[in-house]
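Colleague: Here are the chains, one letter per residue:
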Amino acid sequence: MRHPGRWVTAAIVCYLAIFGVYVVSTNPRFEWAAQWHYAFSSSILDGVRSTLIMTFAAMAIGIIGGVILAIMRLSPNPILSRGAWFFIWVFRATPVLVQLLVWSYLGSLFPSLGVGIPFGPSFHRWETNQLISALMAALLGLGLNEAAYMAEIVRAGIVSVDAGQVEASSALGFSRLRTMRMIVLPQAMRVIIPPTGNETISMLKTTSLISVVPYYELLYATRAIYANTYQVIPMLIMASLWYAAMSSVLMVGQFYIERHYSRGFAHAGGNAVRRRWRSR
Amino acid sequence: MMTQPMSNEFVDPTLVVQSKDVWKSFGELDVLKGISLNVPEHTVVCLVGPSGSGKSTFLRCINKLESIDAGGLWVHGERVGYIERNNRLYEMNEQQIARQRREVGMVFQRFNLFPHMTALQNVMAAPVTVKGVPKAEARQQTIALLERVGLADKMDSYPAQLSGGQQQRVAIARALAMQPRLMLFDEPTSALDPELVGEVLDVMRQLAHDGMTMIVVTHEMGFAREVGDSLVFMDAGVVVESGDPREVLANPQHERTQAFLSKVL
Ligand SMILES: Nc1ncnc2c1ncn2[C@@H]1O[C@H](COP(=O)(O)OP(=O)(O)O)[C@@H](O)[C@H]1O
Ligand SMILES: [Mg+2]
Numbered sequence: 000m001r002h003p004g005r006w007v008t009a010a011i012v013c014y015l016a017i018f019g020v021y022v023v024s025t026n027p028r029f030e031w032a033a034q035w036h037y038a039f040s041s042s043i044l045d046g047v048r049s050t051l052i053m054t055f056a057a058m059a060i061g062i063i064g065g066v067i068l069a070i071m072r073l074s075p076n077p078i079l080s081r082g083a084w085f086f087i088w089v090f091r092a093t094p095v096l097v098q099l100l101v102w103s104y105l106g107s108l109f110p111s112l113g114v115g116i117p118f119g120p121s122f123h124r125w126e127t128n129q130l131i132s133a134l135m136a137a138l139l140g141l142g143l144n145e146a147a148y149m150a151e152i153v154r155a156g157i158v159s160v161d162a163g164q165v166e167a168s169s170a171l172g173f174s175r176l177r178t179m180r181m182i183v184l185p186q187a188m189r190v191i192i193p194p195t196g197n198e199t200i201s202m203l204k205t206t207s208l209i210s211v212v213p214y215y216e217l218l219y220a221t222r223a224i225y226a227n228t229y230q231v232i233p234m235l236i237m238a239s240l241w242y243a244a245m246s247s248v249l250m251v252g253q254f255y256i257e258r259h260y261s262r263g264f265a266h267a268g269g270n271a272v273r274r275r276w277r278s279r
Numbered sequence: 000m001m002t003q004p005m006s007n008e009f010v011d012p013t014l015v016v017q018s019k020d021v022w023k024s025f026g027e028l029d030v031l032k033g034i035s036l037n038v039p040e041h042t043v044v045c046l047v048g049p050s051g052s053g054k055s056t057f058l059r060c061i062n063k064l065e066s067i068d069a070g071g072l073w074v075h076g077e078r079v080g081y082i083e084r085n086n087r088l089y090e091m092n093e094q095q096i097a098r099q100r101r102e103v104g105m106v107f108q109r110f111n112l113f114p115h116m117t118a119l120q121n122v123m124a125a126p127v128t129v130k131g132v133p134k135a136e137a138r139q140q141t142i143a144l145l146e147r148v149g150l151a152d153k154m155d156s157y158p159a160q161l162s163g164g165q166q167q168r169v170a171i172a173r174a175l176a177m178q179p180r181l182m183l184f185d186e187p188t189s190a191l192d193p194e195l196v197g198e199v200l201d202v203m204r205q206l207a208h209d210g211m212t213m214i215v216v217t218h219e220m221g222f223a224r225e226v227g228d229s230l231v232f233m234d235a236g237v238v239v240e241s242g243d244p245r246e247v248l249a250n251p252q253h254e255r256t257q258a259f260l261s262k263v264l
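Going line by line, the protein sequences match chains A and B. Numbering that gives the first Met the number 0 puts the first residue of the first sequence at 0, with every later residue one more than the last. Numbering that gives the first Met the number 0 puts the first residue of the second sequence at 0, with every later residue one more than the last.
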């Protein structure tokens, strides 16, 4: 036998797995039938949809905001770069749960918000509680926090691009912005995409925090059910299976997007490293 | 806006590059210490000298990738990077610098092709986005250019799929796509395997033959002798000697030139 150690571990793992399945499937308190019943109820499906929409909306705000902040950070203008630095610092230095609560209670700090000249007249004012609905508070809380993290990811991607690329595109007469959009960012993508996929997968689960705002999503829907039925753990398992299923789909998407952006870098991927590592 | 007073100098508009006492420093380090050089139209100037003598920096000043600290630099009679108005110099804005750079093509030692674009896309990108040439037309021109450098069959390859020599030829086509009136080459063959040097030099030789004005930083003395109209030897930020390449190479006047040539020849 070539790898006796592998066969022994495989046997032990198999035995434990069979035991695990037996315990979980014969214990009636897991309430598998109820889980199956509620998993596709309209309230849970609404929650799933809301979770997905909030994930993508918050990531969209995060990515666009992150790109803008990263470009500001690298700007020669000190006001822009310091301003971006400060924004990133504030949002990374405080818990996202606190940020969500602050957005949702902003009305208690500023009962109304308006546009106008500071210390001067204001042209229009709104009630803060009307302007910042639960939806807005959730999007601002998740999106701006994400923008701060994305800014660091995008910046790492931008500085990873060879300076010769900027030189070549400047020499061809590309403007700074075009150089960024057409030359630097597409190459930075190779470095930006993997952590962004991670952030998206993480965001899917972070959206469960917006039930404090309060905004409807999967965990909110789940809690509403077990508040009535008292099937706490079974419903939490059901919600977890939903989160796991959605996360898995995102992971598959991440694989294809990474492959797309490694175009032209056939030999630069991590696979070569893995192969050499294993065959040392 | 930064301004600086202007000195009254004679600018010969027939010269492609006119450099008068150009100084450039990086912090404490003086890299160019008064470079004066004229490049007439349709000539090939070969710039040689030891590593660190400021050759790349001088090329980069010509298309404003670096700005000069003192002296004057003109391309086609137009001051590089500055606008002259009411006897004062005003720094150009980004668009004006970009417009000036379009007249000058640059080829780099490490090619600097865009790795996420095919050869065709590399060559087409600038004419389409910077000049606004319609795509179909730019494509025609690109194919013609790739044919000229002998790579029409490689137009859909990414840089990583091309040899160094092929990459450098695509890079030359990319620079030519902007229809520059001056080409700058910064050690275009130094990063190549010896057997690939010839194909790049062939393209450059053809380009010179077609009348392109070129400044070539190179260690290929055979090329300088054959194609160069003049050879400029630089060391430690100054032009040590210059003249007809065949004469300078056969009979270097200055000790530093002799020492350098004895190493590369
Ligand atoms: N951006 C820069 N910052 C600081 N020093 C530089 C920079 N670019 C070049 N130098 C220095 O200037 C000197 C001349 O460099 P370079 O023009 O590249 O020389 P060459 O091309 O002749 O080898 C070198 O000492 C180099 O280290
Ligand atoms: Mg150099």
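Hints are computed from structural coordinates only; laboratory data are not their basis. Please read these numbers as outputs of a predicted model, since none were measured by experiment. There could be a bad hint or two in this list.
Said to hold, decoys possible - Examples of chain A residues toward chain B, derived with CB under 8 Å:
{"id": "1", "residue": "PRO75"}
{"id": "2", "residue": "PRO77"}
{"id": "3", "residue": "LEU79"}
{"id": "4", "residue": "SER80"}
{"id": "5", "residue": "ARG81"}
{"id": "6", "residue": "GLY82"}
{"id": "7", "residue": "GLU151"}
{"id": "8", "residue": "SER159"}
{"id": "9", "residue": "GLN164"}
{"id": "10", "residue": "ALA170"}
{"id": "11", "residue": "GLY172"}
{"id": "12", "residue": "PHE173"}
{"id": "13", "residue": "GLN186"}
{"id": "14", "residue": "VAL190"}
Stated by the list, open to error - Okay, the calculated beta carbon distance ranges per label pair:
{"id": "15", "chain 1": "B", "residue 1": "ALA135", "chain 2": "A", "residue 2": "ARG180", "range": "56 to 64 Å"}
{"id": "16", "chain 1": "A", "residue 1": "ARG175", "chain 2": "B", "residue 2": "GLN120", "range": "19 to 27 Å"}
{"id": "17", "chain 1": "B", "residue 1": "PHE25", "chain 2": "A", "residue 2": "VAL211", "range": "29 to 37 Å"}
{"id": "18", "chain 1": "A", "residue 1": "LEU96", "chain 2": "B", "residue 2": "ARG84", "range": "37 to 45 Å"}
{"id": "19", "chain 1": "B", "residue 1": "ALA190", "chain 2": "A", "residue 2": "SER278", "range": "48 to 56 Å"}
Idealized CB from N, CA, C, for every residue including glycine.
Colleague: Range first: 29 to 37 Å. Now tell me if the beta carbons of PHE25/B and VAL211/A are that far apart.
Modeller: violated, 54 Å
Colleague: Hint GLN186/A vs chain B: min CB-CB distance below 8 Å?
Modeller: The hint holds - GLN186/A has a Cβ within 8 Å of chain B, the shortest such distance being about 6 Å.
Colleague: Holds or violated: SER159/A as interface residue toward chain B, Cβ cutoff 8 Å?
Modeller: violated, 13 Å
Colleague: Answer holds if the nearest beta-carbon of chain B is closer than 8 Å to that of LEU79/A; otherwise answer violated.
Modeller: violated, 16 Å
Colleague: A closest beta-carbon separation below 8 Å is what the hint needs, so does VAL190/A meet it against chain B?
Modeller: Cβ of VAL190/A sits 13 Å from chain B, so the hint is violated.
Colleague: Take the shortest C-beta to C-beta distance between PHE173/A and chain B; is it under 8 Å?
Modeller: holds, 6 Å
Colleague: Using the C-beta atoms of ALA190/B and SER278/A, is the stated range 48 to 56 Å upheld?
Modeller: This hint is violated: roughly 31 Å between Cβ atoms.
Colleague: Let me know if the C-beta of ARG81/A comes in closer than 8 Å to any C-beta of chain B, holds or violated.
Modeller: violated, 22 Å
Colleague: Determine whether the Cβ-Cβ distance between LEU96/A and ARG84/B falls within the hinted range of 37 to 45 Å.
Modeller: violated, 59 Å
Colleague: ALA135/B and ARG180/A, beta-carbon distance inside 56 to 64 Å?
Modeller: violated, 23 Å
Colleague: Holds or violated: GLY172/A as interface residue toward chain B, Cβ cutoff 8 Å?
Modeller: holds, 4 Å
Colleague: Double-check GLY82/A for me: the hint is only fine if its C-beta lies closer than 8 Å to a C-beta in chain B.
Modeller: violated, 21 Å
Hints 1, 2, 3, 4, 5, 6, 7, 8, 14, 15, 17, 18, 19 from the list above are not met by this structure, while the remaining hints are.
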